[in-house]
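Asker: Take a look at the letters that make up each chain.
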Amino acid sequence: MIRRRGRFHRQMIVLSSMAGSTLDLVQGLWRGPSGRRWLVPLAVFLCLTGAVLILAVTVEALAPFVYAIF
Amino acid sequence: MKILGISAHYHDSAAALVVDGLPVGAVQQERLSRRKNDAAFPLEAIEWCLDHAGLQPEDLDAVVFYERPMLKFDRILISALRAFPHGRAAFAHAMKNSLGEKAWVRGLITAQLGVPRDRILFTEHHQSHAAAAFLTAPTRRAAIMTTDGVGEWATLTVGRGERPAGGPIRIVLDREVRFPHSLGMLYSTFTAYLGFSVNEGEYKVMGLAAYGRPTMADQVRKVIRRTSDGAFALELDYFAFHTTVAQSYSRRFVDLFGPPRQAYEPIDLATPEGRRFADIAASVQAVLEEILVDMTRGLHAETGLPDLCLGGGVALNGVANARILAESGFERVFVPPAPGDAGSALGAALYADRIHFCNPDRDVPDHPFWGPSIDDDELARLAGEDGLPAATLNDAALVEQTADDLAAGKVVGWMEGATEFGPRALGHRSILTAPHDVALRDRLNRDIKYREEFRPFAPVVPIEAADRYFQLPPGGARLARFMSGVFPVRPEWRERLAAVTHVDGTARVQALERSMAPRLHDLLEAYGRRSGLPVLLNTSFNLAGEPIVNRVVEGYSTFRRSGIDVLVAGRCRIVKRARARTSLIEELA
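Residue numbers (the working numbering), protein chains in the order written: chain A, 5 to 74; chain B, 112 to 700.
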C-alpha cells in the first residue's frame, strides 16, 4: 500500500522540489547548442509564477490574493 | 533491481514494474480509474503494480518517468514565443497547464510515493518508445523508428538497437524530426477536420479511408512536403495546432479541402459530402503510408538489418505497418502491443534497467498480458446476487459450450487471466462472435458497441490457419501477433468472413499462437470443428466511451447494459435471463 499524504504535505514537497527542477531547465537552456540563454530570465520568471500558483493551491487562504495578481 | 516506469500527463497514463530485468506488471490507469484515456498521475496503476509484486515504494531502486518534463516545457515555451502575438491565449493556457503540475514531476513522484529525489530518473520520450519497441521484441539487432504526435521536441526518430548475448545493450537514435513537423500531428489534424476526437478518433480515419479513393493526395502533399534529407516538413500556414489549443487547422486548410465535418453530422457515404470525407481520409492515409514506406526503405538501406522495430502512436496504424513490411525491405517488423504513450511506461523502465544501470539483457516474454487478473469466483457471486443461474465448468466443457453458443449466433463476452497492456483486446477481455454474419456485425455496432457503421471488426485465427484465410506476406504473422497489421482476406473466404472483412477486402487480423492464449486457441479450434472455419470476430470488451473492462464486475455490468448474450469469466458462464427462458421454453417444447 502506498502511504497517502495529506494534500498540504504533498504540495509542500512539490514546492520544495521546484528549485531543483528550475535549475535543470536553466542548465538546459544555458548549455544547449541552440543559443537560448536569453530565455533564462523568462523561464525563471515563469517557474516562480508556477510556484506562486502551487502556493495558492496549497494554502487556500492565500488563493484570493494570488489570483488577484492575475 | 526493482524499477517502476511511469507515463502520464498527456493521454493514457500507465505504470509498469520491472524486477530483475523482467516486467512483472503493467497497466493503464484508465483500466482502474474507469475514465477513458485517463491522463492523470497513475497512482492506482502504480499501487496495483507494487501490490502485485508485494513491494512498497521504498523498496524501489528507481522510478523512471517516460519523458523529460523540463525539456517539454522548453518546447512549449519556445513554440508559444514563436507564435507570438497570435498565440497569446494558447500561451496562457499552456503555461497554466504546464506550471501547475506537469513540469514538477520529480516533486510529484516524491510527494505521491515518498521515493527519494535521487532515485527518480527521466528518459526522453522517444527513447522510451524505442525501448518499448526494441527491448520487448524477440530480436538481437534491429533498426528502430518511432513516430508520434510529439514528445519533448522530437516527433519522429530513427536509429538502431543492439542487444548482443553477453554484450552491452545499445539504443542509438541517430536522427530526429522536430516539432511542429510531425506525422502524428498531421494525422490528428485530419482527424479533427473529419469531426473525430484527436487522440481517440484516428482509428476512425483509418477505417473511413477504406471507403474512399486518394483523390486529394496532391492536396495533402501540399500541406506536407518532403525534404532533401529524406524527411518531411509541414507547411505551417495550413495548421494551427502550434499556435492555439482550440484549433488544429487554419483557414487555408479549409480553403484547400473544403468545409470540415461537424462532429454531430453523421457520415453518409451515399452522399457526395460523405464520399468527400472518405476521399480525404483515404488521401491522408495514402500520403502517410508513402512517407513511412519511403523513410523505412531508406532506413533499411542505411542499416542493412533485416528487422525493424516500430514505436510511437503512429505504429498503431495497421495499414501503414503492412505496407512497411511489404515494401520497405525489412523481413520482420515488430510492433509492441502498446506502442503508444502507455507502453512508454514499460519502455522507460526497461531503458533504465538495460541502458542506465547496465543490467544484463533478458528476453521479455512475448505477450501482452501484464495487467490485473480476474477473480474466478466473482462472476458466480455477482450472478447469484441477481438471481441469474451461473454454471461453473471445467476448461474443456466451457470451451465446447462456448463454441456451441458462438455457432448458434450468440455474442459472447470473454474474460480470462490478466488484462492486456495496450489498446487492443487480444483475447483476455474480448467480445467474440461468429465472423460470417453481417447482421451480427451490425447488431454489435448498434446494440453493443454503439459505434459508426464504417468501422471494421477484427478477426482472430490460430496462427497455423492464418495463411489459409488471409494473405499474409512473409513476416506477416509476426505483425498480426498483436493485431498490428491489416492484410487482405483471401477472396474465396470473404463471403464466409463477411463480418470481419472491411469494404476494401482487408482485415486487421490477430494470428494467435497457442502458447499466448491457450484457452482462446482451443475455442477457435472448437468453433472451427462446428463451422469449418476457426475464425472469430474479436472486439474489445467495452462500450463506446468506456475503457476496456478490467475486473469481472465491470464485465458483468457491461453484459447487463448491452446486447451481449453470454458472459464467460474464468470458468463461470452466465446467459441473459430472457434468452435463458427462451431456451428453456424451446427445450420444453
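Read the hints as simulated data drawn from the structure, not as lab findings.
Treat the hints with caution; some may be incorrect.
Said to hold, decoys possible - Computed spacing ranges between beta-carbons, pair by pair: (1) B:S668 <-> A:P37: 48 to 58 Å; (2) B:A357 <-> A:I73: 46 to 56 Å; (3) A:R7 <-> B:A203: 28 to 38 Å; (4) A:V56 <-> B:G498: 37 to 47 Å; (5) A:L27 <-> B:R336: 34 to 44 Å; (6) A:R7 <-> B:S668: 30 to 40 Å; (7) B:T338 <-> A:G36: 22 to 32 Å; (8) A:V56 <-> B:D131: 42 to 52 Å; (9) B:S668 <-> A:L27: 42 to 52 Å; (10) B:D486 <-> A:A65: 41 to 51 Å.
What the hints assert, rightly or not - Some chain A residues near chain B, calculated using beta-carbon distances under 7 Å: (11) I17; (12) S21; (13) S25; (14) D28; (15) L29.
We put the CB at the ideal spot given by N, CA and C, even for glycine.
Asker: Tell me the numbers of any earlier hints that the structure contravenes, in ascending order.
Answerer: 2, 4
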